[in-house]
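Line by line, the protein sequences give chains A and B.
Residue numbering for the first sequence is 1 to 109, as defined by my numbering.
Residue numbering for the second sequence is 1001 to 1228, as defined by my numbering.
The hints are simulated quantities; they were obtained by calculation from the structure and are not laboratory data.
One or more of the hints may lead you astray.
As the list claims (entries may be wrong) - In silico BS3-like cross-links for lysine-lysine, where the CA-CA straight-line distance does not exceed 27 Å: (1) K96(A) <-> K1052(B); (2) K96(A) <-> K1166(B); (3) K1111(B) <-> K96(A); (4) K1098(B) <-> K96(A); (5) K96(A) <-> K1121(B); (6) K1166(B) <-> K1124(B); (7) K1188(B) <-> K96(A); (8) K1188(B) <-> K82(A).
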Amino acid sequence: MYLQVVIAVFVLFALSRIYLRFKEGELSVSGFIFWLIVWLLIGVVGFWPGTTQNVADFLGIERGIDSVVYFSIVVIFYLIYKIFVRIEHLERDITKVVRDNALDELDND
Amino acid sequence: MSFSKSQVGIVIPAYNEANAIGGVLENLKQNNYENILVVDDGSSDDTYAVAKKSGVRVIRHSLNRGLGGALGTGIQAAVLLKWPIIITFDADGQHDVKDIYKVALPLSEGKADAVIGSRMKDNKGMPWYRILFNKFGNFVTFVLFGMLVSDSQSGLRGFSLEAARKIQIKTNRMEVSSEIIREIKVRKLNLKEVPIKAIYTDYSLSKGQSLLTGIRTFFKLLLHRLIH
């Protein structure tokens, strides 16, 4: 019972953050939907732990909690991949700025 | 000689090479190469001052961006300067100036759009772990980009102005060497490999790719393949 309260507060807090970020335009529509689903799923699992057993049965995994762990790992890997891609883009953008500045020097010669 | 040295432009990416670059530039000038551009990649030592003092063109990155960043800038600058034959040359003194002629010749004769100076065709004097490392680099380049060359990591390369215009360099670090091979393939450029000498000194060895950067480069390449 206590756990449910903690999860409820946490999920509501997270949802409000996502909504605010989305309203400020810092989160894209797809990002908003993605995080909305992730947090709603966490809420569902927190309140009705039995649902994980249904998913586990469907996927042929023995215990309900295992399906949660598998799912979490997939989500984390996906997020790490996204972050890598984002950093790579940032690096390239920085290079572009630095390069353009350096090439300006060439004109002044 | 079928081309004039004034047609040749030499691009030298340099990061913290103050100890070696003065000698390299002096050597190039003594061999009558007049179009030289140093790209100082945000060095924290006197690379910029040393290069400037020798009277060649120098441009500077305000931040260190890595070999790929510096080569991209250098090649773009060479295109702006409209050098008919563009050569990339390492700043650490590992290349023999005489080899520039070998790389430039097929370009001037129109027999190639891009030339790689291969240290592996005659790898006498190259330490065994370098040979292994280079072979691994070639293998990775082949698996990811489908082009087998004998020295994918060589720093001495040549491009015709037309080819340099087509090549798009996006990566920032050591993975650029493989990216250039990829570009040669994708842009359907006519590639020729010529044997060159590698001058291995303790200094140039310490500046080369270590195993660790090699591994990092490998993962960057993999990521690059996944994104594009």
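Satisfaction of hint between K96(A) and K1098(B), Cα-Cα up to 27 Å = Violated, at about 34 Å.
ask   = Does the alpha-carbon distance linking K96(A) and K1166(B) stay inside the 27 Å limit?
value = Holds: K96(A) and K1166(B) sit about 17 Å apart, inside 27 Å.
Hinted pair K1188(B) and K96(A), Cα distance within 27 Å = holds, 25 Å
key: Pair hint K96(A) and K1121(B), alpha-carbon separation not exceeding 27 Å   = Not OK: K96(A) and K1121(B) at ~36 Å, beyond 27 Å, violated.
ask   = Regarding the pair K1188(B) and K82(A), is the alpha-carbon distance no greater than 27 Å?
value = Violated, at about 32 Å.
task = Could you grab the alpha-carbon distance between K1111(B) and K96(A) and see if it respects the 27 Å cut-off?
result = violated, 33 Å
request  = Would you mind confirming whether the straight-line C-alpha gap from K1166(B) to K1124(B) stays at or under 27 Å?
outcome  = violated, 34 Å
message = Next pair to validate is K96(A) with K1052(B); report whether the Cα-Cα distance is within 27 Å.
response = holds, 24 Å
The structure is inconsistent with the numbered hints 3, 4, 5, 6 and 8, although it conforms to all the rest.
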